[in-house]
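Chemist: Going down the list, the sequences are from chains W and R.
Residue numbers for the first sequence follow full-length UniProt numbering, so the first one is 1 and each next one is one higher.
Residue numbers for the second sequence follow full-length UniProt numbering, so the first one is 1 and each next one is one higher.
If you are wondering where the hints come from, they were derived from the structure by calculation, not from laboratory data.
Where hints are given, some of them may not hold.
Stated by the list, open to error - Some, not all, of what chain R presents toward chain W, calculated at C-beta under 8 Å:
1) ALA141
2) ILE142
3) ARG180
4) ASP184
5) ASN187
6) LEU190
7) LEU191
Even for Gly, the Cβ is constructed at its ideal location relative to N, Cα and C.
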Amino acid sequence: RPAGRGMAAAAFERRVLRRAAEHHYLRVRLELPDGGARPSAAQFKQLVVTALRELHGEVGAALPVDVLTYEEKTLSAILRVISSGLVKLWSALTLLGFYQNRRCAFRVLQTSPFLLALSGNSRELVL
Amino acid sequence: QNSFTVCFSVGYSAVALNHVIDFKEKKQEIVKPTSPSELFPSLPIVQGTSKRIKVLTRLTLIVSDPSHCNLLRSTSANIRLYDIIAVFPKTEKLFHIACTTLDVDLVCINVTEKLPFYFRRPPVNMAIDRGIYFELLYTPAIKDSTMRRYTISNAISLMQICKGKNIVISSAAERPLELRGPYDVANLGLLFGLSEGEAKAAVSTNCRAAMLHGETRKSACGVVYTVKKPRKVEEEETAVPACKKAKTQA
Numbered sequence: 001r002p003a004g005r006g007m008a009a010a011a012f013e014r015r016v017l018r019r020a021a022e023h024h025y026l027r028v029r030l031e032l033p034d035g036g037a038r039p040s041a042a043q044f045k046q047l048v049v050t051a052l053r054e055l056h057g058e059v060g061a062a063l064p065v066d067v068l069t070y071e072e073k074t075l076s077a078i079l080r081v082i083s084s085g086l087v088k089l090w091s092a093l094t095l096l097g098f099y100q101n102r103r104c105a106f107r108v109l110q111t112s113p114f115l116l117a118l119s120g121n122s123r124e125l126v127l
Numbered sequence: 001q002n003s004f005t006v007c008f009s010v011g012y013s014a015v016a017l018n019h020v021i022d023f024k025e026k027k028q029e030i031v032k033p034t035s036p037s038e039l040f041p042s043l044p045i046v047q048g049t050s051k052r053i054k055v056l057t058r059l060t061l062i063v064s065d066p067s068h069c070n071l072l073r074s075t076s077a078n079i080r081l082y083d084i085i086a087v088f089p090k091t092e093k094l095f096h097i098a099c100t101t102l103d104v105d106l107v108c109i110n111v112t113e114k115l116p117f118y119f120r121r122p123p124v125n126m127a128i129d130r131g132i133y134f135e136l137l138y139t140p141a142i143k144d145s146t147m148r149r150y151t152i153s154n155a156i157s158l159m160q161i162c163k164g165k166n167i168v169i170s171s172a173a174e175r176p177l178e179l180r181g182p183y184d185v186a187n188l189g190l191l192f193g194l195s196e197g198e199a200k201a202a203v204s205t206n207c208r209a210a211m212l213h214g215e216t217r218k219s220a221c222g223v224v225y226t227v228k229k230p231r232k233v234e235e236e237e238t239a240v241p242a243c244k245k246a247k248t249q250a
């Protein structure tokens, strides 16, 4: 039964996005136990790109990664990467061992396709 | 000691301490494992649950000669004290023997150099049927870039034969910085060619299954445990008539 064209406009509009999210967000922390100089934001981005290049080559290094926030005091950052490149970025960060010949480790604290989800972390809840 | 505090903060619920025995040197004796309670007076609680972290002991035997396997067949008293037994075969024949007849829980796959032999399907399938898991290490991949290539190439060739079943990924970390969180390691499994579910299982369910496989070695057919119990026979006998009384009354 054909619906009447002259129906009144609905009061709300529903949008369903079937596409997967475009970007994935990662909250990471770099652990540098020795008390040397801490990397600046640019050096941090350079470190991420180097990690990608070491594991995935030039194609990996060309992956669109953005550092959205970076705190030098705690060495923690929020990275944004295109969803198809999440596995590459995550594995590159996991396998990174050295920063300027100093031992380091990346700890990925949270990852989510939504930036809002990174604001709350149930693992850090103090009950 | 430090490594373990990192484990706890990163979210692992069971850790195994590894003792490596290399048979190339003469006169290797299997030493008694240091009990975990001696090393840590109190174990921290796993984040998210209320249980404490389990610390197990594990023995790795590097075998390059069939005569070394005799040690496993003989019931040496010290071997039974270890929770998990792993074997590291160096030749194809030993790999076949380890998969088909040896009583081990894990077969380690070499990641630091090119495999001297190719995997074949029959021994791998037999190992999967017997409940033996293949182990891959990821810490060499963090240290050196040539090791990275060998790790990934050996892992991929293993995946082609075993189709991703019965894989355990573990770290041979000597320092706390070489440890990675469980989800990071599961992501590495994706690099090796596992599917997402298999990769997560390689870190969680397969490891637990290997632990249980080790526990069944202490029991008969995995069902019956024998535990030394202090003599309490008289108490039991007096208890039985009481039950009988209750039945007749009711």
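Chemist: Need the list of violated hint numbers for this structure, in ascending order.
Modeler: none
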